[in-house]
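Novice: Okay, here's what each chain looks like letter by letter:
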Amino acid sequence: MSTLPLNSAVATAAALPAPIQRPGRRLEVVAAPAPRRRPRLLYGIIAVAGAVTIGAAQMGLSILTTQGSYEVAQLTREARDLTYQKQILTDDVAGLNSPQFLAANASALGMVIAESPNYLRLSDGAVLGAGEAALGGSSIDALGRPAVPNALIAEAPLVTAPQSTIEGVPVVPDAVAGAGGAAATDAATPPPITDGLPVPRTH
Amino acid sequence: MTTRATRSPRRRTVAALAVVLAVLSGFILRLVDIQVVNADEHIADSQALALGAHEELYGTRGEVVDADGEPLATSILKYDGKLDPLNVGPIQREIDGVTVEVPWEQVAAEMGAITGQSADEIMKIVDDALAADPGSRFAYLKRGLTTEQYRELAALRAPFVRFDPHPERTYPDGAVAGNLLGFMGSDGQPLAGVEQIENACLAPTDGERSYQRGADGVVIPGTEIETPAVDGGTLQLTIDRDLQWYLQQLIAEEVQNKQASSGAIFVLEVATGKIRAAAEYPTVDPNNVDGSAPEDRGSRLFLESYEPGSTLKAITAASVIDAGVATPMTTVTAGDYETFPNGARVGDFESHPVLNYTLTGALIDSSNVALSKFGEMLSADTRHAYLQRFGVGQGTAINWPQEPQGVLHPTSEWDNQTFYATTFGQGYTMTSPQVASAYQALANGGLKMPLSIVESCTLADGTVVEPDLPEPEQVVSKEAADAVTLMLENVAVQAQMADYIAVDGYRIAAKTGTAQVAGENGYKAGVYFTSLIGIVPADDPQYVVLTTLDEPTTIRSSAANRQAFQKAVTQVLKNYRVLPSDSQTPILPKTQ
Numbered sequence: 001m002s003t004l005p006l007n008s009a010v011a012t013a014a015a016l017p018a019p020i021q022r023p024g025r026r027l028e029v030v031a032a033p034a035p036r037r038r039p040r041l042l043y044g045i046i047a048v049a050g051a052v053t054i055g056a057a058q059m060g061l062s063i064l065t066t067q068g069s070y071e072v073a074q075l076t077r078e079a080r081d082l083t084y085q086k087q088i089l090t091d092d093v094a095g096l097n098s099p100q101f102l103a104a105n106a107s108a109l110g111m112v113i114a115e116s117p118n119y120l121r122l123s124d125g126a127v128l129g130a131g132e133a134a135l136g137g138s139s140i141d142a143l144g145r146p147a148v149p150n151a152l153i154a155e156a157p158l159v160t161a162p163q164s165t166i167e168g169v170p171v172v173p174d175a176v177a178g179a180g181g182a183a184a185t186d187a188a189t190p191p192p193i194t195d196g197l198p199v200p201r202t203h
Numbered sequence: 204m205t206t207r208a209t210r211s212p213r214r215r216t217v218a219a220l221a222v223v224l225a226v227l228s229g230f231i232l233r234l235v236d237i238q239v240v241n242a243d244e245h246i247a248d249s250q251a252l253a254l255g256a257h258e259e260l261y262g263t264r265g266e267v268v269d270a271d272g273e274p275l276a277t278s279i280l281k282y283d284g285k286l287d288p289l290n291v292g293p294i295q296r297e298i299d300g301v302t303v304e305v306p307w308e309q310v311a312a313e314m315g316a317i318t319g320q321s322a323d324e325i326m327k328i329v330d331d332a333l334a335a336d337p338g339s340r341f342a343y344l345k346r347g348l349t350t351e352q353y354r355e356l357a358a359l360r361a362p363f364v365r366f367d368p369h370p371e372r373t374y375p376d377g378a379v380a381g382n383l384l385g386f387m388g389s390d391g392q393p394l395a396g397v398e399q400i401e402n403a404c405l406a407p408t409d410g411e412r413s414y415q416r417g418a419d420g421v422v423i424p425g426t427e428i429e430t431p432a433v434d435g436g437t438l439q440l441t442i443d444r445d446l447q448w449y450l451q452q453l454i455a456e457e458v459q460n461k462q463a464s465s466g467a468i469f470v471l472e473v474a475t476g477k478i479r480a481a482a483e484y485p486t487v488d489p490n491n492v493d494g495s496a497p498e499d500r501g502s503r504l505f506l507e508s509y510e511p512g513s514t515l516k517a518i519t520a521a522s523v524i525d526a527g528v529a530t531p532m533t534t535v536t537a538g539d540y541e542t543f544p545n546g547a548r549v550g551d552f553e554s555h556p557v558l559n560y561t562l563t564g565a566l567i568d569s570s571n572v573a574l575s576k577f578g579e580m581l582s583a584d585t586r587h588a589y590l591q592r593f594g595v596g597q598g599t600a601i602n603w604p605q606e607p608q609g610v611l612h613p614t615s616e617w618d619n620q621t622f623y624a625t626t627f628g629q630g631y632t633m634t635s636p637q638v639a640s641a642y643q644a645l646a647n648g649g650l651k652m653p654l655s656i657v658e659s660c661t662l663a664d665g666t667v668v669e670p671d672l673p674e675p676e677q678v679v680s681k682e683a684a685d686a687v688t689l690m691l692e693n694v695a696v697q698a699q700m701a702d703y704i705a706v707d708g709y710r711i712a713a714k715t716g717t718a719q720v721a722g723e724n725g726y727k728a729g730v731y732f733t734s735l736i737g738i739v740p741a742d743d744p745q746y747v748v749l750t751t752l753d754e755p756t757t758i759r760s761s762a763a764n765r766q767a768f769q770k771a772v773t774q775v776l777k778n779y780r781v782l783p784s785d786s787q788t789p790i791l792p793k794t795q
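Note that the protein sequences, when read in sequence, are chains A and B. Counted the way the numbering used here counts, the first sequence spans residues 1 to 203. Counted the way the numbering used here counts, the second sequence spans residues 204 to 795.
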C-alpha cells in the first residue's frame, strides 16, 4: 500500500513502461484528521463575563435612567410649585407699576405736574426755558379726577395714602380690612427718625 | 414521452404556486392596508393603548410692549374649577395623625371662603346639576380662578374637584392705550385693536406630548413623544405709555370740562411717522370690557372720519406755493361774505371789513373767502392731485379694521360750491390720523412718512420682524413745506388763541379746525367737531400734536381745544426732553 502522494507517481511515470490503466480505482488515502482540540476555557470565561458585564451595564444604566426620571419628576414638581408661586406674586403686583397708580401716589404726596420744562445746561450753568417755579395746581388731577381706570388695582390702597385708591373713593374699612390696612401702612411707611440717622454700633 | 405521469406533477406545481401567490398577495394587500391606507388610525389606536397619557402643550400668547419695552398686555393663567356632582360627599382628612371625616357642608363652606361664594351657593350648584341629570359628572364650581385660589382649593384635597388651566390676557396698565390694544373674547379670540390686527405675531402654536406613566405617575424613560409648543412673538408698539396715560387723563378732564361727547389727542413723530400717543375719551379698560359702553370699546380716532375744516387750509397754502402761483406774501382782497362768479357763496366765521389779506393773514384769520381766492389760482384737478398726495381719501398704512379711507370725490363730481369748499377743508372727509399725517409731511420738509403703530415683532426664536411699510413720498418741495410751517407759526403767534396755546420758551406752529357734524337732517345746528393741530417745536419740527373735541358745549368753537392743546404740547416737549428754542418767530404781515 503506497503512501506516496499522487504527484510522485506522475513524476516517475516517464521512466516506467506504459502506465497501467486501473479504471474504477479512485479511492485515495487521506491523512488522518488532526485530533479535535479541547476548547480553551479562557475564551468561554471572557464571553460569559462580557455578556454579564453588558447585562450589568445595561441594568445599571436603566437604574440610573429610572433614578434620573424620579429626579426629573421631583424637579418638575418643584418647578411647578415655583411657577405657581411666581404666578401668585405676579397677580399680587399686577398693575402696581401702571402710570396712573404712580401718579395718584405722587399726587397724594402733594406733588404736581408742572408746566413748561426747564433745563440746566451743565457746560455754562445756563437755565434754559422759562425758569419759573411751579405755582398753583397740577396740569391734571390724577387723584381727584382719575379718568384712566385700571380694574387690576381698582381696590388697591395707595401706598402714600392708604385711605384712597386710584379711583379716589375711600376704601371701605371693615373690621378685618381695618386691621390689615393698618399693618400695611406700618410696612410701607418707615418709622420716623427721632435722633439722627441710625448708625450700626461697633466696638 | 409526456404522459399523464410527467404532466401531472408539473400541473400540481403550478397549482400550488398559484395558491401560494394568491395567499401571498392577500397578505400583501392586507399589509398595505394596515401600513399605508389606514396607518394613521392604527398608529393612533396603538398610542392610545400603549402610551398612557397625552397632553396638549399650550404656547403663551406674546406680550405687547410699548416703545420702551414696558408691558401693555401680558398673558397669565386662570383656572376653571370643576365639580364632579355624582361623587360629591364627605372627605377624609388627617388631622394630627387621626383620620376624620369632614362633611360636605363644611367642605363647601371652606371652598366658598376661597372662591367668594357661600356654602349654600356651592351646594346649590351640585344639587342643580344632579337635578338636571342624576348621573352628572360635571358642573362648574367657578371659572376664572386666580392661581392663589386654585392652590388653596387644591390644598383642600377634595377628590371631586378638578381644575383646568386656561390662558387669559391681562393689561397691567388698565385703560392706558386700551383703545389701541383691543381685547380678547372669553374664547381666547382677539376682538379688537392690535390684538386683532397683529394676531399673526402674537398667537402661539400649540404642541402636544404623549408618554407612558408608571403606577406612581412617573414618566417611563424613553416613552415620551413631544412636539413643543411655540410661544407667540413680542409685539413692540411705537406708543409711549407714560405720555399716553397723561394725554388720556388730560383729554378725559377736558371732555368733561367742555361737556363734549368725546375727545382725542394724537401725537406723531415728524421724522418717522410713528404714532407716539393716541389718547381718547371715553375709552375701554381691556381688563374690564363690560365696564364700557359698546360704542366706547373701539377707537374713534381710527374709525371716525369727518370734514376736517380749517386745518386743511394749510394744504391749500402748500399747494399754491408748491405750484409756484403764490408766496406767503401774495395778497388777495376779501370781504367776510362773497358770491363768486360761478354762483358759489362763501362766508367767514368772523365778520371783518374788506381786507387785503396776505396768504399768511388768510391763515391767521382762517378766512374762507380769502382761501377760496387763493385756491382758485389752481385748477380743480391740480388741487385734487395735491389733496391726494397729502393722503386725502387714501386711508393710512395702519390698516385698522374698518378704518375709513376717507372720501375725496373726483373733480367731475365737484359742483360750484365744492370747487371752493375744498379750499377750506370741506367737501371731503378724513380721519384724525390722516390729518396729522398731512401735517407730518409739512413738518418734515414735504416728505410724507407712512404712519406706523408697530415697531417690530420679535418671534419666539429671536427673529425680529419689522412691518412692511410703503415708501415715503415727497408731496411738496421742502421750500413750500417750510414756508407753510412758518406761516402756521405766525398763526400760533398772531391768531386770537396765541396767549392760550403758548408754551414758554418754545416756538409752536398751530391751526384750528371746526367741522360741521352730520346729523339726521343735514348738518347739526350749533355743534361742531373741533380740532387744533400743531407742529412742535416749529424751528426744528419733531412732533405733530392734534387735539379734537367732538361737540363741546361750554365753548362751541375750536377755542375749546386751547387748554388741551397747550397742556398736551407741554407734556410732549417735556416727555421727549426737547430743548427750548433759542430764537423768536419771524413775524410775517397779515395784510398789506
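Derived from the structure by calculation, the hints contain no laboratory data. Don't take every hint at face value.
[Claimed, not checked] Lysine-lysine pairs mimicking DSSO-like chemistry, simulated, CA-CA at most 30 Å apart:
1. B:Lys-681 / B:Lys-727
2. B:Lys-777 / B:Lys-681
3. B:Lys-793 / B:Lys-681
4. B:Lys-727 / B:Lys-777
5. B:Lys-327 / A:Lys-86
6. A:Lys-86 / B:Lys-793
Novice: Would the hint linking Lys-86 of chain A and Lys-793 of chain B be met if the CA-CA limit is 30 Å?
Specialist: Violated, because 66 Å separates the two Cα atoms, which is more than 30 Å.
Novice: Would you mind confirming whether the straight-line C-alpha gap from Lys-727 of chain B to Lys-777 of chain B stays at or under 30 Å?
Specialist: 38 Å, violated
Novice: If you draw a straight line from the CA of Lys-777 of chain B to the CA of Lys-681 of chain B, is it 30 Å or shorter?
Specialist: Distance of about 28 Å is within 30 Å: holds.
Novice: Given the hinted pair Lys-681 of chain B and Lys-727 of chain B, is their Cα-Cα distance within 30 Å?
Specialist: 39 Å, violated
Novice: Going straight from one Cα to the other, do Lys-793 of chain B and Lys-681 of chain B come out at no more than 30 Å?
Specialist: At roughly 23 Å apart (the allowed maximum being 30 Å), Lys-681 of chain B and Lys-793 of chain B satisfy the hint.
Novice: Can the restraint linking Lys-327 of chain B and Lys-86 of chain A be considered satisfied, given a maximum Cα separation of 30 Å?
Specialist: 34 Å, violated
Comparing the model with each numbered hint stated earlier shows that hints 1, 4, 5 and 6 do not hold.
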